[in-house]
Amino acid sequence: MRALNAFVVASGLIIAAQTIIAQSQTAPDITGSWQRQGFTVGVKPTGQATPAAPAAAPPPPLKPAYLKEWQDRLKVIREAAAKGQPIATNAVACLPDGMPGMMTATFPLEILQSRGQITIIEEAYTQVRRILLDRPQKAVDDIEPGFYGHSVGHWDGDTLVVDTIGVKENVRYQNVPHSKDMRISERMRLVAPDTLWNEITITDPTALEKPWTFTFAYQRMKDYTLLEYICEDNREFSDDQGRQKIRVDPAPR
Amino acid sequence: MARRTGMWSIAVVIAMVAPALAHHSFAVYDHTRTITISGTVTRFQWTNPHGFIEMDVPQSDGSVKHYSVELTSINMMQRVGWRSNMIKPGDKVQVVGAPLLSGEPVALGLEVVLADGKTMGLPVPAIGSFKRSETQ
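Going line by line, the protein sequences match chains A and B. Numbering follows our numbering, in which position 29 of the first sequence is assigned residue number 29; successive positions increment by one, without gaps. Numbering follows our numbering, in which position 31 of the second sequence is assigned residue number 31; successive positions increment by one, without gaps.
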């Protein structure tokens with residue numbers, strides 16, 4: 001009986017070990033620096049871009065009230081810029097993009113794979129998001145809203161599947177309004193050894209008629225280490241009309 | 001309807017690419033002309049979100065006018081070869097820049113001739129949208 005127990009335990013351990021090995025073998029190596037395909041950041045990416053770039057994002061399929069809010073906002077932004085008095089964005093206050101904006105990778109991204117977690121860093125504003133692997137997602141009411149929300153993920157074969165909720169309503173990608181129920185689903189996959197695609201699907205039963213899907217493509221930067229980025233002296237500010245202004249301050253500090 | 005959708009798609013593509021490239025809008029600067037200023041650097045500010053060159057520019061009437069030259073993110077500058085030690089106070093430099101629409105003595109730097117004569121461009125997004133004037 002004791003021998004049988006030992007056999008069962010040993011078998012269990014072998015199966016568990018094989019599972020871990022299998023997972024580590026199937027999880028592709030996406031650790032390293034990446035730049036958005038087609039963005040010129042001054043450093044040549046590694047490898048060839050895949051022949052076909054992903055399709056451009058379609059407009060967000062917003063429900064009428066949200067669509068009007070978005071279009072009105074874009075009109076105000078466009079008209080203010082044409083007058084040389086642009087509307088101050090969050091970035092003017094040195095606030096980060098948050099999700100999903102940081103995945104546009106204005107500046108390069110760094111992806112780090114560690115046990116139980118994948119971490120993504122965006123160089124601009126030193127933005128950091130943590131994707132907890134193989135954990136259940138929380139209920140949205142159990143998450144304090146933030147810029148990056150709460151992300152859980154798992155490997156589905158060669159694809160990293162990530163679910164993010166809990167993004168603050170004032171953190172708006174491309175000024176698109178959303179509710180607290182917005183859910184960001186990502187599917188990240190190497191389509192070539194040095195090309196990573198991230199298919200992003202946003203669902204929001206309150207704001208969107210149907211899911212909004214678009215894909216970002218990134219190219220590997222083998223020899224690039226992310227640079228420091230600190231908003232140390234920001235001369236831009238928002239005036240009392242919400243317009244972007246610059247502090248003219250020649251005094252040495 | 002198809003045409004409307006097409007127009008929207010174009011507008012959205014532009015909206016989705018353009019703001020992603022800069023810390024903020026450069027619409028506060030004049031896109032129709034540039035100024036060329038030569039003077040003495042009082043400070044080279046190597047900071048994010050943007051760097052600055054502070055410089056005193058002698059005027060034709062014998063006075064000196066102080067200019068602030070806004071640069072891009074120092075991260076972008078580093079990636080195209082800029083270094084923090086390339087400019088120091090006292091250096092004589094020449095800047096081609098787009099002036100601030102408000103008329104204040106501020107310009108967006110597009111190109112800098114360093115004290116050693118080397119010309120360094122700035123990685124300003126959509127730099128081609130700034131119409132260059134003849135050098136004064």
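Treat the hints as calculated values from the structure; they're not laboratory data. Nothing here was measured: the structure is a model prediction, and the numbers come from that model. Take the hints with a grain of salt, since some may be wrong.
[What the hints assert, rightly or not] Once the Cα atoms are required to be at most 20 Å apart in a straight line, the calculated DMTMM-like pairs of lysine to aspartate or glutamate come out as:
(1) A:K168 with A:D181
(2) A:K83 with B:E104
(3) B:K88 with A:E110
(4) A:K245 with B:E54
(5) A:K245 with B:E104
(6) B:K118 with B:D61
(7) A:K44 with A:E110
Hint by hint, here is what the structure shows:
1. A:K168 with A:D181: Given pair K168 (chain A), D181 (chain A) holds - Cα atoms ~10 Å apart, limit 20 Å.
2. A:K83 with B:E104: Cα-Cα ~17 Å, so holds.
3. B:K88 with A:E110: violated, 33 Å
4. A:K245 with B:E54: holds, 18 Å
5. A:K245 with B:E104: holds, 12 Å
6. B:K118 with B:D61: violated, 29 Å
7. A:K44 with A:E110: Satisfied, since the Cα-Cα distance of roughly 16 Å is no more than 20 Å.
Consistency note: the structure conflicts with the earlier hints numbered 3, 6.
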